[in-house]
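Trainee: Sequence:
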Amino acid sequence: MWGFDPRWGQSRLKTANKLPRLSESEQRTLDALYGLEEDILLNDLVSEVALVNVGLSSAPPQDILKMVISSAALYARFRKRAADAGGHLHEVDMLISVAADYRDKARRYLRAQEEAEKRLGEAEASQREALTRVEAAEVELRSAVAELEEESAAHALAKSEVRASEARLAEARSTIAGHEHEARVAQLKTEQLEAREKRALEQAQNAVQLFRESEEFRELMEEEAVDGLIRSFEDFRR
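Quick note, in the numbering used here, the sequence shown goes up one by one and the last residue is 238.
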């Protein structure tokens, strides 16, 4: 059968640290339970094979107590052993009450844990939803950035074309200005030539007028008139 293990005291302390905090009366009751005879708590209640099968070969007394009170047959044997050992039934009843309190506290803690896990699940769901929204926003942002970069490239290309057009326009304007300058130079030369021709024509007209008004011209005209009469007379004779 399963005997007493001194390490149970250390296991009891470690396990107690994980349980809800006991009141002074509960602690006194629990200490009284551990003060009972070893065979009342352990001997002839649960076999070592059964403990090994359920993985509780080194279980602390609290866990053994839970196993005992969970079975009507074990609990009856436990009460009988306690009564035969010295009438510690009152302490046992108090221990059962403490165990019931532990169960109530465990249920409350379990409900609180379930509620916390539920809130944690909701928070995780909210976090996943937020992450999904963030990922969608990042996709939209990357798409917007790509469109902006494309528009920027198109704008840069348009600016390059505008600069090229402005350069061609400036070149055309320079060419036109050169042609206009050449045209003005040609116009000036034309005007100068026309002025010289006009002066030459005026000079010629003046010379002709002076020649007509000269004595030589009158004599020449008279000679021409005489010659004309002679030719006319000769023609008449023929």
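Hints are computed from structural coordinates only; laboratory data are not their basis.
Predicted, not measured: the structure shown is a model, and the values here were computed from it.
Please note that the accuracy of each hint is not assured.
Taking CB as the label site, the calculated pair distances span [stated by the list, open to error]: (1) R184 with V145: 30 to 36 Å; (2) V139 with R163: 54 to 60 Å; (3) R163 with A123: 55 to 61 Å; (4) E115 with E147: 35 to 41 Å; (5) Y109 with E147: 33 to 39 Å; (6) L157 with R184: 49 to 55 Å; (7) E191 with R163: 56 to 62 Å; (8) E224 with E202: 22 to 28 Å; (9) G178 with E224: 39 to 45 Å; (10) R168 with E191: 42 to 48 Å.
Ideal Cβ placement from N, Cα and C applies to all residues, glycine included.
Trainee: Please go over all the hints and tell whether each is borne out by the structure.
Mentor: Hint by hint, here is what the structure shows:
1. R184 and V145 have their C-beta atoms about 57 Å apart, which leaves the hinted 30 to 36 Å range violated.
2. Distance hint for V139 and R163: a CB-CB separation of about 36 Å, inconsistent with the stated range 54 to 60 Å.
3. The beta-carbon spacing between R163 and A123, approximately 57 Å, falls within the hinted interval of 55 to 61 Å.
4. In this structure, E115 and E147 break the distance hint of 35 to 41 Å, their C-beta atoms being roughly 47 Å apart.
5. Separated by about 55 Å at the C-beta atoms, Y109 and E147 break the suggested range of 33 to 39 Å.
6. Separation of L157 from R184 is about 40 Å and departs from the stated range, judged on CB atoms against 49 to 55 Å.
7. Range check, E191 to R163: Cβ separation about 41 Å, and the 56 to 62 Å hint is violated.
8. At roughly 27 Å, the beta-carbon separation of E224 and E202 lies within the given 22 to 28 Å, and the hint holds.
9. Under the hint 39 to 45 Å, the C-beta atoms of G178 and E224, about 58 Å apart, miss the expected range.
10. For R168 and E191, the hinted distance range of 42 to 48 Å is not satisfied, since their beta carbons lie about 34 Å from each other.
Hint check: violations occur at hints 1, 2, 4, 5, 6, 7, 9 and 10; the rest are consistent with the structure.
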